[in-house]
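Following the hints, put chain B in place on chain A, whose structure we already have.
Residue numbers (this note's numbering), protein chains in the order written: chain A, 1 to 324; chain B, 1 to 324.
Hints in this document: simulated from the structure, not taken from any laboratory.
Some clues are possibly wrong.
Same chains, same names: a pair is fine if it fits in one copy or spans any two.
To be verified - When the alpha-carbon atoms are kept at most 20 angstroms apart in a straight line, the in silico SDA-like pairs for lysine to any residue are as follows:
#1 K166 / N23
#2 K294 / L313
#3 K323 / S225
#4 K21 / N135
#5 K97 / M82
#6 K119 / N135
#7 K323 / N276
#8 K152 / L25
#9 K269 / D213
#10 K119 / P131
#11 K252 / K265
#12 K189 / S55
#13 K233 / N101
#14 K21 / N134
#15 K166 / L25
#16 K127 / S63
#17 K40 / Q270
Protein chains: 2
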Amino acid sequence: MYTINQLQEIILQEINKLNFKGNPLTLYEPIQYTIGTGGKRIRPILVLAASNVFSDDIDASISVALAFEVFHNFTLLHDDIMDNSPIRRNKKTVHVKWNNNTAILSGDAMMIKAYDFLKSLPADLLKEIFPVFNNTALEVCEGQQYDMDFEKQENVSELEYLNMIKLKTSVLIAASLKAGAICGGASKKDANFLYDFGINIGLAFQLQDDLLDVYADSQKFGKQSGNDIITGKKTFLLINAFEKADYKTYLKLKTLLSDKSINNKEKIKQATAIFNKLGIKHLTELNIRKYHKKAINSLNSLSVKDEKKEILLSFANSIMNRKH
Amino acid sequence: MYTINQLQEIILQEINKLNFKGNPLTLYEPIQYTIGTGGKRIRPILVLAASNVFSDDIDASISVALAFEVFHNFTLLHDDIMDNSPIRRNKKTVHVKWNNNTAILSGDAMMIKAYDFLKSLPADLLKEIFPVFNNTALEVCEGQQYDMDFEKQENVSELEYLNMIKLKTSVLIAASLKAGAICGGASKKDANFLYDFGINIGLAFQLQDDLLDVYADSQKFGKQSGNDIITGKKTFLLINAFEKADYKTYLKLKTLLSDKSINNKEKIKQATAIFNKLGIKHLTELNIRKYHKKAINSLNSLSVKDEKKEILLSFANSIMNRKH
Numbered sequence: 001m002y003t004i005n006q007l008q009e010i011i012l013q014e015i016n017k018l019n020f021k022g023n024p025l026t027l028y029e030p031i032q033y034t035i036g037t038g039g040k041r042i043r044p045i046l047v048l049a050a051s052n053v054f055s056d057d058i059d060a061s062i063s064v065a066l067a068f069e070v071f072h073n074f075t076l077l078h079d080d081i082m083d084n085s086p087i088r089r090n091k092k093t094v095h096v097k098w099n100n101n102t103a104i105l106s107g108d109a110m111m112i113k114a115y116d117f118l119k120s121l122p123a124d125l126l127k128e129i130f131p132v133f134n135n136t137a138l139e140v141c142e143g144q145q146y147d148m149d150f151e152k153q154e155n156v157s158e159l160e161y162l163n164m165i166k167l168k169t170s171v172l173i174a175a176s177l178k179a180g181a182i183c184g185g186a187s188k189k190d191a192n193f194l195y196d197f198g199i200n201i202g203l204a205f206q207l208q209d210d211l212l213d214v215y216a217d218s219q220k221f222g223k224q225s226g227n228d229i230i231t232g233k234k235t236f237l238l239i240n241a242f243e244k245a246d247y248k249t250y251l252k253l254k255t256l257l258s259d260k261s262i263n264n265k266e267k268i269k270q271a272t273a274i275f276n277k278l279g280i281k282h283l284t285e286l287n288i289r290k291y292h293k294k295a296i297n298s299l300n301s302l303s304v305k306d307e308k309k310e311i312l313l314s315f316a317n318s319i320m321n322r323k324h
Numbered sequence: 001m002y003t004i005n006q007l008q009e010i011i012l013q014e015i016n017k018l019n020f021k022g023n024p025l026t027l028y029e030p031i032q033y034t035i036g037t038g039g040k041r042i043r044p045i046l047v048l049a050a051s052n053v054f055s056d057d058i059d060a061s062i063s064v065a066l067a068f069e070v071f072h073n074f075t076l077l078h079d080d081i082m083d084n085s086p087i088r089r090n091k092k093t094v095h096v097k098w099n100n101n102t103a104i105l106s107g108d109a110m111m112i113k114a115y116d117f118l119k120s121l122p123a124d125l126l127k128e129i130f131p132v133f134n135n136t137a138l139e140v141c142e143g144q145q146y147d148m149d150f151e152k153q154e155n156v157s158e159l160e161y162l163n164m165i166k167l168k169t170s171v172l173i174a175a176s177l178k179a180g181a182i183c184g185g186a187s188k189k190d191a192n193f194l195y196d197f198g199i200n201i202g203l204a205f206q207l208q209d210d211l212l213d214v215y216a217d218s219q220k221f222g223k224q225s226g227n228d229i230i231t232g233k234k235t236f237l238l239i240n241a242f243e244k245a246d247y248k249t250y251l252k253l254k255t256l257l258s259d260k261s262i263n264n265k266e267k268i269k270q271a272t273a274i275f276n277k278l279g280i281k282h283l284t285e286l287n288i289r290k291y292h293k294k295a296i297n298s299l300n301s302l303s304v305k306d307e308k309k310e311i312l313l314s315f316a317n318s319i320m321n322r323k324h
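Same shape as in the complex, but just chain A:
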């Protein structure tokens, strides 16, 4: 078995070796730039880790890992155009550094490049992994569309929100794990247990993200918190606050969020006070624990020795314990 550090080292080396340079430069340079901007490389590491649960030989899973990482980065490239984001990972986004047309077309080519990593797979593995990859790719688009739709939608229910973050975040993590498991020769049952593990860990991760935006200690961790409150983003916290509030509190929160005369610091303070009064922090923590527990149950259901699950178990626990 590889250690998590070894898997990370393998994938970083593979990503460093990637060379998307080609002609026309205007098409390929933004792809090389995007894949080179860093990120935690969580998805490709999960592909390798899942493969390693079932097999000592993880070679076949490397190209699959790269397919998922390149696809993930393609989605960021196109999302940044749609969300009009100027900065990603401390660097200019492609549509700002170049222009919208370049970002659209380079993104298209980057998605095709993601698929390209699958072509080296043996026919039987390709046949199994291709639909997993493809269905997931489509779901990620659905998630991004819901996310954009929700900005204009007056009310978003908790269920709608959970479905959106499942599509936008969880399914790609889940599919990375499932595809890795298939590469490692896992049974269908075990591959699906890992998929479920990924779905629930993804949900826990996103709810933790929502929570930390309001409750992270910004002085300690250097991350500006409260940004979701300032932008009025319909997060798990805000949706539940609207749900739980009496009519007076509901109106107060609604007015507060759209009030442009209040400075940001004060707005965050007042919204947080309402969240506190409604027990939103506790409720969110309960839900994170719920999804974490579901994930662990899926991991426990795998038909392999406990020692094989250690990396994925620590991964799940690290999400629970992250503070920023």
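Here is chain B on its own, set in the frame of chain A:
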């Protein structure tokens, strides 16, 4: 063997059956709209026709035909954003009817839907066709990027132009034929002969397009000609006119194209007169014939009876004889 009308009927029925409806509607409606706007459905018909050259059973090729047609329509959807085109096939383009973000994301989903048609293929066919499809998809992006780059580029050589139209137009026609041939069980050699046939027919088609824009009889065929002259598009005709002109004529043509004080009709008349003086019509016709002949040679090289080639032969000849 099927007749061309029968193949057309089969593909139109299959396209009519397509149902991209799903949630969120904002993602899927533009896909259904785009595939429903019509077009000549040349690529999917060529997939079936190529398959039918080698096999009486063309069932396996139908999903491949749909993959190519949906991919082609995806490229139009994204190209229309980049080219800022308001109308396609007499209907509003997606980015005008909806908005840019919807057009970007629905386009992404549409590309994934194109790949989706390949997943029903048996493992060995998938393994063979997937890289053909993928390489071609990437080349089409390269062609579009060159096309956009050329607008800003002072001089474009004939060679650069031919490479661009090969990537933007020919490779997808060629790959449709090759993939169809593979479905029909063609040998590698025969599949590649059909690929070459497609490349050359694609080039002949595009040069014919350039020619007809200037020399089609607009009264008879109702197609406005001279549009490329008005927009100053670097077509095969214009590139060769610049190449062949003496310095005085070169300057005259250059000045004419950027002169905003001359009305369109007069501009077309004067540019056409220069083309005539330089023998550009004849030169273009010679080149069309050259690529047509190359295509026919590839068709003649196929290891099948002549009667099997009839549909593709008429297709090639129809390109030579089209008048609008």
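The hints, checked one at a time:
Proximity of K166 and N23 under a CA criterion of 20 angstroms is satisfied inter-copy only: 14 angstroms between copies versus 37 angstroms inside one chain copy. Only within a single protomer do K294 and L313 lie at most 20 angstroms apart by alpha-carbon distance; the minimum there is 12 angstroms, versus 62 angstroms between protomers. Taking CA atoms no more than 20 angstroms apart as the test, K323 paired with S225 passes inside one copy only; the shortest distance there is 12 angstroms, against 65 angstroms between copies. For the identical chains of this complex, K21 and N135 are inter-copy neighbours only, at 15 angstroms across copies versus 29 angstroms inside a copy, given an alpha-carbon limit of 20 angstroms.
Both within a single protomer and between protomers do K97 and M82 lie at most 20 angstroms apart by alpha-carbon distance, with minima of 15 angstroms and 17 angstroms respectively. Taking the closest pair of Cα atoms, K119 and N135 come within 20 angstroms of each other both inside a single copy (17 angstroms) and across two copies (10 angstroms). For a Cα distance limit of 20 angstroms, the shortest separation of K323 from N276 inside one copy, 19 angstroms, qualifies, whereas the shortest one across copies, 74 angstroms, does not. In this assembly of identical chains, the alpha carbons of K152 and L25 lie at most 20 angstroms apart only when taken from different copies (15 angstroms versus 38 angstroms within one copy).
Taking identical chains as interchangeable, the C-alpha atoms of K269 and D213 lie at most 20 angstroms apart only when both belong to the same chain, with a minimum of 13 angstroms there against 65 angstroms between chains. Within a single copy, K119 and P131 get their C-alpha atoms as close as 13 angstroms, and across copies as close as 6 angstroms, so both meet the 20 angstroms cut-off. Taking the shortest Cα distances, K252 and K265 sit within 20 angstroms of each other inside one copy (17 angstroms), while across copies they are farther apart (65 angstroms). Taking identical chains as interchangeable, the C-alpha atoms of K189 and S55 lie at most 20 angstroms apart only when both belong to the same chain, with a minimum of 16 angstroms there against 39 angstroms between chains.
Taking the closest pair of Cα atoms, K233 and N101 come within 20 angstroms of each other only across two copies (19 angstroms); inside a single copy the shortest separation is 28 angstroms, beyond that limit. Proximity of K21 to N134 under the C-alpha cut-off of 20 angstroms is restricted to the inter-copy arrangement: shortest distance 17 angstroms between copies versus 25 angstroms within a copy. Taking the shortest Cα distances, K166 and L25 sit within 20 angstroms of each other only across copies (18 angstroms), while inside one copy they are farther apart (36 angstroms). Taking CA atoms no more than 20 angstroms apart as the test, K127 paired with S63 passes in both settings, with 15 angstroms inside one copy and 15 angstroms between copies.
Neither within a single protomer nor between protomers do K40 and Q270 lie at most 20 angstroms apart by alpha-carbon distance, with minima of 34 angstroms and 61 angstroms respectively.
This entry does not satisfy hint 17, going by the numbered hints stated previously; all others are met.
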